[in-house]
Every structure is written in structure tokens, then in C-alpha cells.
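There are 2 protein chains.
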Amino acid sequence: MAMDWNRMSRRGVLTGAGAGIVAGSTLSQTALSEPRARPDGRKLGYAVVGLGSYATRQIMPRIAQCEHAKLVALVSGTPAKLEQYGAEYGIPKTHRYSYADYDRIRDNPDIDLVYVVLPVFLHAEYTIRAFQAGKHVLCEKPMAMNSAECEAMIAAGRKAKRKLMIGYRCHFEQYNLHVRKLIAEGAIGKLTAISAESGFYAQPGQWRLEKDKAGGGSLFDIGIYSIQAARYLAGEEPEWVSAVESTDRSDPRFATVEDRVAFSFRFPSGVVANCLSSYSSGHNHYRATGRDGYLDMEPATAYEGNRLFKGRAYAGSEAVVLPPPAKLQWVGQMDHLAECAMRGAEPIVGGEEGLRDIRLIEAILQSAREGRAIRTAGA
Amino acid sequence: MAMDWNRMSRRGVLTGAGAGIVAGSTLSQTALSEPRARPDGRKLGYAVVGLGSYATRQIMPRIAQCEHAKLVALVSGTPAKLEQYGAEYGIPKTHRYSYADYDRIRDNPDIDLVYVVLPVFLHAEYTIRAFQAGKHVLCEKPMAMNSAECEAMIAAGRKAKRKLMIGYRCHFEQYNLHVRKLIAEGAIGKLTAISAESGFYAQPGQWRLEKDKAGGGSLFDIGIYSIQAARYLAGEEPEWVSAVESTDRSDPRFATVEDRVAFSFRFPSGVVANCLSSYSSGHNHYRATGRDGYLDMEPATAYEGNRLFKGRAYAGSEAVVLPPPAKLQWVGQMDHLAECAMRGAEPIVGGEEGLRDIRLIEAILQSAREGRAIRTAGA
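Heads up: the protein sequence lines correspond to chains B and H, in order. Count along the first sequence from 1, add 1343, and you get the number used in the numbering used here. Count along the second sequence from 1, add 1343, and you get the number used in the numbering used here.
The hints are simulated quantities; they were obtained by calculation from the structure and are not laboratory data. Incorrect hints may appear among the rest.
Unchecked claim - Think about it this way: if two alpha-carbon atoms lie no more than 27 Å apart in a straight line, the pair counts; the simulated DSS-like pairs of lysine-lysine are:
1. Lys1524/B to Lys1653/B
2. Lys1524/B to Lys1554/B
3. Lys1554/H to Lys1386/H
4. Lys1502/H to Lys1413/H
5. Lys1386/H to Lys1533/B
6. Lys1554/B to Lys1502/H
7. Lys1413/H to Lys1386/H
8. Lys1502/H to Lys1386/H
9. Lys1386/H to Lys1653/B
Claimed, not checked - Here are the simulated distance ranges between beta carbons:
10. Ser1396/H to Arg1634/B: 32 to 38 Å
11. Pro1666/H to Lys1653/B: 54 to 60 Å
12. Ser1593/H to Gly1532/B: 14 to 20 Å
Unchecked claim - Reference excerpt, derived from the structure (chain B facing chain H, CB under 7 Å, subset only):
13. Ala1536
14. Lys1556
15. Val1587
16. Arg1603
17. Arg1609
18. Gly1613
19. Ser1623
20. Pro1642
21. Thr1719
Note that CB positions come from ideal geometry on N, CA and C, so glycine has one too.
Given these sequences and hints, build the entire structure.
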């Protein structure tokens, strides 16, 4: 049986300011052990929170490939899932938690890291409760329902002196990293323009189509890849946002969330980006164009099989093929938080990075709603 | 020696209303012969006005391939060009005109059609003078400096009872036509989104970088291809326009004209289009995406070598290869006006079509300037 998300408490996260959000928590932050270096080579332990398809199909099968981390605990509201995956991954009953039990992870020293793979409306709450239990957190994107929640999550991590990282796997994916390297090396000359499209046909009946669970529609779910791509390809923050939304409100899928959004960024250097987010058609593509050519990725942000092409207008393009990566993107991502926790370093995609995207999503939707360009706060 | 465009008179076209624009013209419209059907199979005669590189390299070499038209006269301000191309194409001295002589084409019954291939600021004037000489007109795009000029040109054609066609060669290019056919046949399902990018690095020192000769910058010159593509792929007119401009005014190329413009359209059906126009990098690409896949063209609007691909997100794409066309795009275009003239039919890309694009360019620039979405008059 699927989890009844409706019955799960929001615990005031939307309005809370990051402190004392969990009713009755008397946790003393100072009583927690500090992040430990592991000179003995012991791997840090992940608790995976939420056993949906992304966690069970993409994340959990890859944790064993991590250099610095291992799977040690599972958290789910569905006892059958705890039983099934607990057996599959050799997780003892003492390390299986229901959501009601979740705060007890503080008493489990095997758990160093918590990977939050829940629907968006639960990100803030389960991240903050993990911090209050003294754990580091890897939280899936989009970071949260809105920027206020993001700020509360960041504050909770700071208070707990624990690391917060957002699940931007493309920062650990070899082709996406290679494109950035090629741009930096001048392979296409001075960068002038970016286009990025992300989308899929969203089938009805999913939590992602409910605004109070997903935060919003295609922008939160898939358009965030185009926002990310525009930012990491440009290597700077947008100063202007302009957007046009197209949502057929007579389609039952879009009773509460947006469908298509065409949005543009202008960056301080003059680079412009045209982006698309869609719940009505498949898109997984981006292109960075410079004075001397372009770099094209299609698919650009897939789980596997990303393809990179280098070309010039009129002259066609050629595939750029890389050898197999040392670490798959999920492995690199999970190892990164483990290393940051051990070394006391900040993750390259921390809470501030997640907050930037949520602020941009808010600016994009505001631009579409008000029919005007929005100057971003980050500019 | 290059022509001194600065010395050429504008003759008040910018403010004129289409009537009596040519000072001293006493031409009686009713005295002109009506467009004639050609049951004898005689080809109609084109006068090419302006012997720049597009006219001499792309147009004139192809006129001989026309079924219904032939080259009969040349108009240029450069005597050496008249001599050179007159000899090359067997045009007698009686059919070679300077700009000062231009109005005398009215006395030459061999000339049925005038192809205006001048810089943009001369389009309205030379089109209107051709109408006043009783000729049909094929005028290169962009149609004119602004929508007022376009309206004057349309009015002049109506008054003269002559046909006006704009040089949108892609409406006669087999791959562009095939994409439209595939979309109409449902090859990609319900159309959801379009992206179109047009651009090249504009070298300094050209008339295209002077606003008072070109009307504007990249949008007028090359971005108009993306505007066209968005419109003919969608098969409808945009109702909303939103744009962001990026022009480095410290670059001497951009003293008076715009460089990059990222603009979006929303169409009444809900289709959204993301477009780019650039004078700082090469782009010649568009994509139409529907629920069931996409059609990609790259190059999309080239003189030759356009390539069409049909694909799906994540699944890659395959080239769609057509047999060689019966008529090259220039040939189809020039034959079309000849046929319209013979049959009294309206060209598929008449003055109203050119006016639509100029109005959209004006809306795009207004949106960028005012930082707000513009509802188009045509919606």
C-alpha cells in the first residue's frame, strides 16, 4: 500500500524559523558527537528516508559502490517495504524506522548521514529532524516548498553544526562536468547563449501534480534541471528573469500546478538563456553556444546514456565520448557528503545552492504571473 | 566602389501613407496594363533591383531555372556592376537601369516583376516606386524599417492592383515544408513547444549594423527566421510576447542596433516558443516538440544542406532524408509570384505576412525595453 502522505504532519515547517520546530524535542545540540574523521577508513552510514522508486531503484543499489559511505538504516511508513528492503540490504530490525520512530535515529551511532528522498512537502521537516538528531543531510531536489522552508533548513543545519547537501546529481555526472570544463577551457570561445529544455508527460494521479505536496508543477520537478544547467553552464547567477506560462487549467492534471513555462535569464556577463519546463512533452536537452561553436547534450541529465556533441552552426557536430566514469553520479554525490562530513568541508551543492533555485522558481512564476521581467535578488 | 546608401533619398516613406510618395509622379494607375495570363507560356520578366551578394550569388544564378519567370532587367547604382552582370546574363543596355532611371521601368513592357534586394531602408521606397510603375513586387525580408512602412507598401500595391510578396524563401524550401506537413499529420502528436535560434557573428563595418539602414539589429536581419519558424511551425499567431535583450553597447558593432534577444511567444493553443536572435554567435536550428516526439532541423534555414531529424527525448533521433527538390527554394519563390501575377492570386507570403513579422519585432523590442510581456495586436 502506498503511503498516505496526507496523514503526515507538516509540523509547522512552513512558518517555523528553524528552531524548535519539532514539538517536544529537548535535544541538546552540544550533546551530539562532532563529525568524525575516519582515519581507520570506516565508511559513514546512510539512513535512506522514503523508499519510493527513486530511492529503491537508483540510490540504494549504488550505495555499495561508495568509497566513503554505506547503507546502514531505512526509514519508511510502509512496514512491508522495511521488511523487503531490510532483508535485501541486510539492514537489521534495529536499524529500520517508521516515521513515528524517526527521531530515534539520534540514538543510533551507526547513522552519520540521512538521505531524504520524500515528496517535496516533507523535505524541510525530515531534514530539520535529522539535524536535530545530529545527522548530516542529503536532501533531494527541489530543496523545499518555498524559500522560507529552505532558509529554515539551512538555519537548522548551522545550529546543529551539520552539513546540508542537495541532491544535484548532475554536479557529479561526468558529461555535465566535462561540458563545464570545455567551456572554461575556451572550447567554444566566449559564451553567448544557452538553451535548456526539461520535461516529460506527467501522468495523472501522482503527488507531483498536487501543489501542497510538490510545491508546484513542472518547474519544481523537472524544470529545475534547466535552471541548474543554465546556471552551471554560465558559471554565474541570473540578474533578470522573464517567463511565460502555458497551463491548460481545464486539464485535470493542472488543477493546482503549472504545466509549461518558457523562461529566459540574462546573466551579468551578457549571456542569455532560454529554458523550457514541461509536463506535456518529453525534453532532456541543453546547448551552450559561444562565438566559436556549441556544446550540445542530449540526453543531458539522464540517469545514464548522456551524450555530448561539439558542433558549429551549419557545420554539424561530432560526438564527444568519454571513458566510463570512476564513480556513477549517485556514488559521487553520496561520497561527497560523506567526505564533507569527515573533513568538515561545505558540500559543493549545499543548502544555499538549493535555495538559489527555489528563489529563481519563485521569480519565474512571479514573472509569468505578473507579466513582467523580475530582477533577481541574487544579481 | 560600394554604393553610397547615405546619398539615396528616403523620399518621406517613413511618414508617407502610401499615396503620392514619389514626388512629381503623375502616373495614372488606370493607364497601366492589367496582369496578364500567359496562355502562350511566355515567362514573366524580373528586374532585379540591387546587385549585392545575395542578388548576384543566390538569386540571379537561379532565375534561369524558373518555370514562369526569367531575368530581363537589372537596376544598380554601380555602372560596373550593370556592365558585368548585364554581359553575364545577356541583359541589353536598354534593360539596365540606374537608381535615377528606375522609374523608367514603367515604360518597359518586358518587366512584369521587380525583385527588391536592397538594404532595408530602401525596401519601402523601391517597392512603392515599382508599384507606381505598374509592376508586381517581390521584396526581401525584413519587409521594411517599421510597420508604418509596411502598411504604406501594402496600400501602394492595392492602389496599383499589383501583387506584393516578401522573400520568405523557407516557405518554398522542401525540408521546412516537410516539417510542417509532418506536424499537421500528427507525426509528433499534439504540438507543445518550439525552440528556434538564429544568429551569426556580425562583422563590423556593414550596413546591417546601422539602425538607419537596417531598421534594427539581429532581430531584423536573422532573428526574423526564428519568428517565422515559430509561426509556421505553430500554424497560428502569438498572443503574448516576452523578451530579454543583451547588447554590449561598449562594442562598436552595437552603437545603434541590438545584439542578442531571447524572446518567447505564447500561442492561443497553448504552444510556447523560445527563440534566440544573435549577432554574437552562430545559430541555425529549430525544434518542434509534441507529446510523442520532436522534429529537429539543423541547419534549419540554410541556403542548402538543411537537415531534418525525428526523435524522442532520451531515445535519440534519426535523419529524415528527402529526394532532391523539384525546385530550389529561390526558384519556387520567384515562380510563385509569377504565377500569382498571371492568375491574379495572392502570394502565400504577401505584404500582410511581412507586416506581421515587423509588428512582432516591434513587440519583442518593446517587451525587452519595458521589461514586460506584450499582448500582440494580432492575438
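Here's how the hints hold up against the structure:
no. : hint                               : result
1   : Lys1524/B to Lys1653/B             : holds (13 Å)
2   : Lys1524/B to Lys1554/B             : violated (37 Å)
3   : Lys1554/H to Lys1386/H             : violated (38 Å)
4   : Lys1502/H to Lys1413/H             : holds (26 Å)
5   : Lys1386/H to Lys1533/B             : violated (50 Å)
6   : Lys1554/B to Lys1502/H             : violated (58 Å)
7   : Lys1413/H to Lys1386/H             : holds (6 Å)
8   : Lys1502/H to Lys1386/H             : holds (25 Å)
9   : Lys1386/H to Lys1653/B             : violated (47 Å)
10  : Ser1396/H to Arg1634/B: 32 to 38 Å : violated (23 Å)
11  : Pro1666/H to Lys1653/B: 54 to 60 Å : violated (31 Å)
12  : Ser1593/H to Gly1532/B: 14 to 20 Å : holds (19 Å)
13  : Ala1536                            : holds (6 Å)
14  : Lys1556                            : violated (24 Å)
15  : Val1587                            : holds (5 Å)
16  : Arg1603                            : holds (5 Å)
17  : Arg1609                            : holds (5 Å)
18  : Gly1613                            : holds (5 Å)
19  : Ser1623                            : holds (5 Å)
20  : Pro1642                            : holds (5 Å)
21  : Thr1719                            : violated (12 Å)
The structure shown violates the earlier hints numbered 2, 3, 5, 6, 9, 10, 11, 14 and 21.
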